[in-house]
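Make a model of the complete structure from these sequences and hints.
Per the UniProt record's numbering, residue 1 is the first one in the sequence shown, and the count goes up by one each step.
To be clear, the hints were calculated from the coordinates, so they are not data collected in a lab. Just so you know, even glycine gets a beta-carbon here, dropped at the ideal spot from N, CA and C. Just to be clear, a hint being listed does not mean it is correct.
Cβ-Cβ distance ranges computed for the label pairs, FRET-style [unchecked claim]: (1) Asp-71 to Pro-127: 32 to 38 Å; (2) Ser-124 to Lys-58: 31 to 37 Å; (3) Glu-97 to Asp-40: 31 to 37 Å; (4) Ala-80 to Gln-105: 30 to 36 Å; (5) Thr-5 to Ser-124: 19 to 25 Å; (6) Glu-20 to Ser-100: 17 to 23 Å; (7) Asp-8 to Pro-87: 32 to 38 Å.
In silico EDC-like links for lysine to aspartate or glutamate, alpha-carbon gap of 20 Å or less [to be verified]: (8) Lys-113 to Asp-93; (9) Lys-113 to Glu-92; (10) Lys-123 to Asp-93; (11) Lys-113 to Glu-20; (12) Lys-145 to Glu-38; (13) Lys-117 to Glu-92.
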Amino acid sequence: MPKDTITDADEKVIMEAIQEAERNTSGEIRVHIENNCEGDVLDRATEVFAQLHMHLTKQRNGVLFYVAIKDHQFAVLGDAGINAIVPDHFWEDITAEVISHFKKQEYAAGLAKGVIKAGEQLKSHFPYSDKGDLNELSDDISFGK
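Structure, rendered in structure tokens:
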């Protein structure tokens with residue numbers, strides 16, 4: 001189980017980063033962690049994105065951080081609304097930041113920094129509105145096998 005690697009303290013750091021990142025945006029960020037990735041990492045991340053119903057956000061502005069710990073696979077995937085407006089190389093820059101921490105086995109720190117960076121982009125394009133802006137997706141980390 002990935003819970004062997006991600007401690008309760010790590011989980012708390014990651015969830016706090018999600019909550020901080022979402023505080024000023026209508027965007028939604030989820031983190032999914034599992035041990036193994038069968039097949040292509042982007043295909044698996046896309047599958048998880050759908051399983052978590054991330055494509056159902058009102059403004060199509062969900063972002064998934066997908067990690068397969070034992071297989072050393074990582075992907076960050078944005079929905080159509082956010083993909084249409086982020087700058088070139090945005091996802092690659094986040095990926096590089098996160099992986100630099102993963103190489104030092106700093107999973108929580110890497111994910112937290114990536115989540116905050118994604119939140120900054122979401123905030124600039126999808127600002128929070130106090131008129132019916134709801135937390136559409138859970139901030140909990142989802143775990144696979």
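Next pair to validate is Lys-123 with Asp-93; report whether the Cα-Cα distance is within 20 Å. With Cα atoms ~17 Å apart, Lys-123 and Asp-93 stay inside 20 Å; holds.
Has the given pair, Lys-113 with Glu-92, been kept, meaning a C-alpha gap of at most 20 Å? holds (14 Å)
Using the beta carbons of Asp-71 and Pro-127, state whether their distance is inside 32 to 38 Å or not. Between Asp-71 and Pro-127, where Cβ atoms are some 37 Å apart, the hint holds.
Restraint status (C-alpha distance of Lys-145 to Glu-38 at most 20 Å): holds (11 Å)
CB-CB spacing for Ser-124 and Thr-5 relative to the 19 to 25 Å hint: At roughly 33 Å between Cβ atoms, Ser-124 and Thr-5 fall outside 19 to 25 Å, so the hint is violated.
Falls inside 31 to 37 Å, the C-beta gap from Ser-124 to Lys-58? Violated, since Ser-124 and Lys-58 (Cβ atoms, about 18 Å apart) do not stay within the stated range.
Sort out whether Glu-20 lies within 20 Å of Lys-113, counting only the CA atoms. holds (11 Å)
Given a hint of 17 to 23 Å, does the C-beta separation of Glu-20 and Ser-100 actually sit inside it? Since Glu-20 and Ser-100 have Cβ atoms about 21 Å apart, the given range 17 to 23 Å holds.
Given a hinted range of 31 to 37 Å, is it respected by the beta-carbon distance of Glu-97 and Asp-40? violated (22 Å)
Range agreement (Cβ of Gln-105 with Cβ of Ala-80, hint 30 to 36 Å): Holds, since Ala-80 and Gln-105 (Cβ atoms, about 34 Å apart) stay within the stated range.
Is Lys-117 close enough to Glu-92, meaning Cα to Cα at most 20 Å? Status holds; Cα separation ~12 Å.
Is it true that the CA of Lys-113 sits at most 20 Å from the CA of Asp-93? holds (11 Å)
Hint check: violations occur at hints 2, 3, 5; the rest are consistent with the structure.
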